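Order-wise, the sequence lines are chains A and B.
Numbering-wise, the first sequence is residues 0 to 466 according to numbering that gives the first Met the number 0.
Numbering-wise, the second sequence is residues 0 to 466 according to numbering that gives the first Met the number 0.
Simulated from the structure, these hints should not be mistaken for lab results.
These numbers were taken from a predicted model, which means no experiment stands behind them.
Heads up, some of the hints might be wrong.
Chain copies aren't distinguished; within one or between two, either way the pair holds.
What the hints assert, rightly or not - In silico SDA-like links for lysine to any residue, alpha-carbon gap of 20 angstroms or less:
1. Lys209 / Glu373
2. Lys120 / Glu40
3. Lys86 / Glu104
4. Lys407 / Ala110
5. Lys120 / Thr41
6. Lys404 / Arg176
7. Lys120 / Leu51
8. Lys404 / Glu373
9. Lys407 / Asp129
10. Lys214 / Ala238
11. Lys120 / Arg28
12. Lys86 / Glu59
13. Lys120 / Glu134
14. Lys404 / Gly144
15. Lys401 / Glu32
16. Lys206 / Arg126
17. Lys120 / Phe135
18. Lys206 / Gly224
19. Lys401 / Asp436
20. Lys401 / His151
21. Lys86 / Ala282
22. Lys86 / Glu125
The lines below spell out each chain.
There are 2 protein chains.
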Amino acid sequence: MARPTPLSGFPEWLPAGRVVEQHVLDTLRRTFELHGFAGIETRAVEPLDQLLRKGETSKEVYVLRRLQEEPDAADAGAGDRGGKGDKQLGLHFDLTVPFARYVLENAGHLAFPFKRHQIQKVWRGERPQDGRFREFVQADIDVVGAGELPYHFEVELPLVMAEALGELRSIGVPEVRILVNNRKVAEGFYRGLGLDDVEGVLRSIDKLDKIGPDKVAALLVAETGATPEQAAACLALAAISGSDASVAERVRALAAEHGVTSDLLEEGLGELSALIDAAAVRAPGVVVADLKIARGLDYYTGSVYETVLVGHEQLGSICSGGRYDTLASDGANTYPGVGLSIGVSRLVSRLLSAGLVRSTRSVPSAVVVAVTSEETRAASDAVAVALRSRGIPVEVAPSAAKFGKQIKFADRRGIPFVWFPAGIGADGEVVPHQVKDIRSGEQVAADPATWAPSEEDLWPRVVPAGE
Amino acid sequence: MARPTPLSGFPEWLPAGRVVEQHVLDTLRRTFELHGFAGIETRAVEPLDQLLRKGETSKEVYVLRRLQEEPDAADAGAGDRGGKGDKQLGLHFDLTVPFARYVLENAGHLAFPFKRHQIQKVWRGERPQDGRFREFVQADIDVVGAGELPYHFEVELPLVMAEALGELRSIGVPEVRILVNNRKVAEGFYRGLGLDDVEGVLRSIDKLDKIGPDKVAALLVAETGATPEQAAACLALAAISGSDASVAERVRALAAEHGVTSDLLEEGLGELSALIDAAAVRAPGVVVADLKIARGLDYYTGSVYETVLVGHEQLGSICSGGRYDTLASDGANTYPGVGLSIGVSRLVSRLLSAGLVRSTRSVPSAVVVAVTSEETRAASDAVAVALRSRGIPVEVAPSAAKFGKQIKFADRRGIPFVWFPAGIGADGEVVPHQVKDIRSGEQVAADPATWAPSEEDLWPRVVPAGE
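Please model the complete structure; the sequences and the hints are all you need to start from.
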């Protein structure tokens, strides 16, 4: 087998990088659970017809076929048809579609409102780019109600994400800015202006960062039938941002200027203001109203969110989502929801490639127990057992090489301590257990039943790269 | 959308079941890391030609195709060919093939011997049965050396698994029995008997539990050219089991009876005895030599392992593996390894379906903070923030319903405590913060800055179903 090379779009980390990713995942999960979100995991596949119900992303679906299957047996030639009635399957491209299906499938066993977190891989057959992968990890939180879902969850969820991402500041993750908007504001304003193709306007506005205001204005005129004045008003709305009460005032002033009156606009401004006010108290400086946030997906109906890493804005959003009045519906019942999704692979990939963070070592072990001779390996094993029984990660040296080589074994892996088991010295004297801190060279007598490394050295830690 | 139904072979758990699975995964990971195994994760896909190099399982591979791709563009019509040179991809069916590829790809960045654990989903397009899934989680540990790997790792790895599975006893997981054999014993004995089709004999012996000794004897005669006497000798070897030094003695006696002398047999017996002796000290009663363990896969070259849940033997092995002299090779270098893989989904599925374990609640929250009125929701949020800052999982009631209904909200989810925020009572008096244990009904004044639940109530716990 020749030396294999990486597959573009399918990121993998070396052990030290995986320590970083695992720390991020553990931190997110802990924050989500402190807020009462139950963890679930769904299968990686969904019936293809379900995946194709959602526009945009679904065209990038990976379809599965069993290799064993007869190529001619199935009509489309690509289904997972183990028997009659088997459905054609594809890999999920997000965690929202599977969650909606899970809610419908298990509604009778769930207590609503149901708060769940879900941390899994998803797949999209897109062209790989910086921060855009074909296989990547998402970390989602959603709350879903049966029939109704109070607005306050639209305030709560971005604040949970602000807290989760804030917990990562100490390892060197840059500040984040959560940009929020409200569909009701946009829709109320556009309709008040006389523009009824709300979807079309949102799709054009969504391109602002990519193509700039002049081209967006041209698009609005060409594709939504807007007059140049209406297009200018839409762009003026999109230009408003801020993190205090003045945002609503500026929107109202702009509406008045264009003769727009709309109950929906007022409702949206009330919601947006409530979110900004709460965020100013609970996560000062993190949440910013930004009226250009459109999020092209047509199922959002209230708040929408995007999140940028300050100083890495060109990476795109690392945490997005919003409110949807119909996450799922089985005819009899409708389940509204609100949720956000962190692009963990995008975030971790940037942390590693930009050298923002590092792990203090690439292996879990805090201690290597040296082996004096293969005949006394059991004595080294016994030391390891004693240390592990008190929660200290330990490995035993792979061979009874010279001690210098065993110390080098630890050093190469960043393991801070080497333990020399008690034994009989060259002159027949009893030599006690000793442990050496290979960073300082300090070596002291130690008892396997009581010795412990400092809390700081116990497990690998993730720290800002400069530390 | 009609109510969806489960897909056979793709298991999913309700939130309470996921608490069990997560506890199992966390416990395994912690034990692996206490032993110094570094966690890695590989992508879910491998080039199809790599997956097909390994026999048996590979025929059940799921092949991927991008939906967007032109069906006629690629010669096979099913490849992931985003551009020229893209390889056809399939989902991995185990974690060994990807690990071997990872080792070759990253050999220059890894320190050998390299100990890794890997906990991920794998996919096999098999016919679903009890304990046999199309998508399932495996938890693997392997040690791989560069050029060489000392035998003692063949002793260490099953003992790590014994410890990991032993840690699960307290939640109600049955005792396990790790059955071990050594390929050198089997090969030495068969060749000494005059049977050179070692693979063929192993494949037949592997069917003992399924078809019984008479049919295996017939198979040996028909397919490996054995005489009835040779077949009987093979079956006599397979009938030997035990957990002390008598095993080797019985094998030697059987070999002498049939005039078998073999250095390879002696080497294998020496290794097997060393494993049994070490296990008797470090995991008494868990490891049993069982000479019928064949493990059909042809790449094992030394120890082989299978593990049964006592009382659930018909479930099949929940943890298997062995030693392979060539895990990977790039021509210049060869990487021998030894590893075991736990079938986590098989184990968890049985724990849940047999009602062996339960979680104390289905959500993380230990406390629901009641909301007196929507106007004072911020006061309830503040209590939640104070409790969370001390590591207590808390959620705030979704609506300012009657307190009875809010208590019911907690009760339905198994949340033990409801917190009533301080406020002004009906008669204008100041009412202090109070917390109610809804199991006992006891309600006491409490301070958000200092109150905490007992350690036992802090997080959901997994316990034996009877408790």
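Going through the hints against the structure:
Proximity of Lys209 to Glu373 under the C-alpha cut-off of 20 angstroms is found in neither arrangement, the shortest distances being 65 angstroms within a copy and 41 angstroms between copies. With identical chains, the CA atoms of Lys120 and Glu40 are at most 20 angstroms apart both within one copy (10 angstroms) and between copies (11 angstroms). For the homomeric pair Lys86 and Glu104, the shortest alpha-carbon distance inside one copy (17 angstroms) is at most 20 angstroms, but the shortest distance between copies (36 angstroms) is not. In the homo-oligomer, the alpha carbons of Lys407 and Ala110 lie at most 20 angstroms apart only across protomers (11 angstroms), although the nearest pairing inside one protomer, at 55 angstroms, exceeds that limit.
Taking identical chains as interchangeable, the C-alpha atoms of Lys120 and Thr41 lie at most 20 angstroms apart whether they share a chain (10 angstroms) or sit on different chains (11 angstroms). In this homomeric assembly, Lys404 and Arg176 never come within 20 angstroms of each other (Cα to Cα): the closest approach is 49 angstroms inside a single copy and 37 angstroms across copies. Taking identical chains as interchangeable, the C-alpha atoms of Lys120 and Leu51 lie at most 20 angstroms apart only when both belong to the same chain, with a minimum of 19 angstroms there against 24 angstroms between chains. For the homomeric pair Lys404 and Glu373, the shortest alpha-carbon distance inside one copy (15 angstroms) is at most 20 angstroms, but the shortest distance between copies (67 angstroms) is not.
Taking the closest pair of Cα atoms, Lys407 and Asp129 never come within 20 angstroms of each other, the shortest separation being 37 angstroms inside a single copy and 49 angstroms across copies. Only within a single protomer do Lys214 and Ala238 lie at most 20 angstroms apart by alpha-carbon distance; the minimum there is 15 angstroms, versus 80 angstroms between protomers. In this assembly of identical chains, the alpha carbons of Lys120 and Arg28 lie at most 20 angstroms apart whether taken from the same copy (15 angstroms) or from different copies (19 angstroms). In the homo-oligomer, the alpha carbons of Lys86 and Glu59 lie at most 20 angstroms apart both inside one protomer (19 angstroms) and across protomers (17 angstroms), since each shortest distance falls under that limit.
When the C-alpha separation of Lys120 and Glu134 is checked against a cutoff of 20 angstroms, the pair qualifies both within a copy, at 7 angstroms, and between copies, at 14 angstroms. For the identical chains of this complex, Lys404 and Gly144 are inter-copy neighbours only, at 16 angstroms across copies versus 61 angstroms inside a copy, given an alpha-carbon limit of 20 angstroms. In this assembly of identical chains, the alpha carbons of Lys401 and Glu32 never lie at most 20 angstroms apart, being 48 angstroms within a copy and 26 angstroms across copies at closest. With identical chains, the CA atoms of Lys206 and Arg126 are at most 20 angstroms apart within one copy only, with a shortest distance of 19 angstroms there and 47 angstroms across copies.
Taking identical chains as interchangeable, the C-alpha atoms of Lys120 and Phe135 lie at most 20 angstroms apart whether they share a chain (5 angstroms) or sit on different chains (14 angstroms). In this homomeric assembly, Lys206 and Gly224 come within 20 angstroms of each other (Cα to Cα) only inside a single copy, at 17 angstroms, whereas the closest approach across copies is 74 angstroms. Taking the shortest alpha-carbon separations for Lys401 and Asp436, only the intra-copy value of 18 angstroms comes in at or below 20 angstroms, while the best inter-copy value is 61 angstroms. Taking the shortest alpha-carbon separations for Lys401 and His151, only the inter-copy value of 18 angstroms comes in at or below 20 angstroms, while the best intra-copy value is 65 angstroms.
Proximity of Lys86 and Ala282 under a CA criterion of 20 angstroms is satisfied in neither setting, with 46 angstroms inside one chain copy and 47 angstroms between copies. Taking identical chains as interchangeable, the C-alpha atoms of Lys86 and Glu125 lie at most 20 angstroms apart only when they sit on different chains, with a minimum of 15 angstroms there against 24 angstroms within one chain.
In summary, the structure is inconsistent with hints 1, 6, 9, 15, 21 from the numbered list given earlier, while agreeing with the others.
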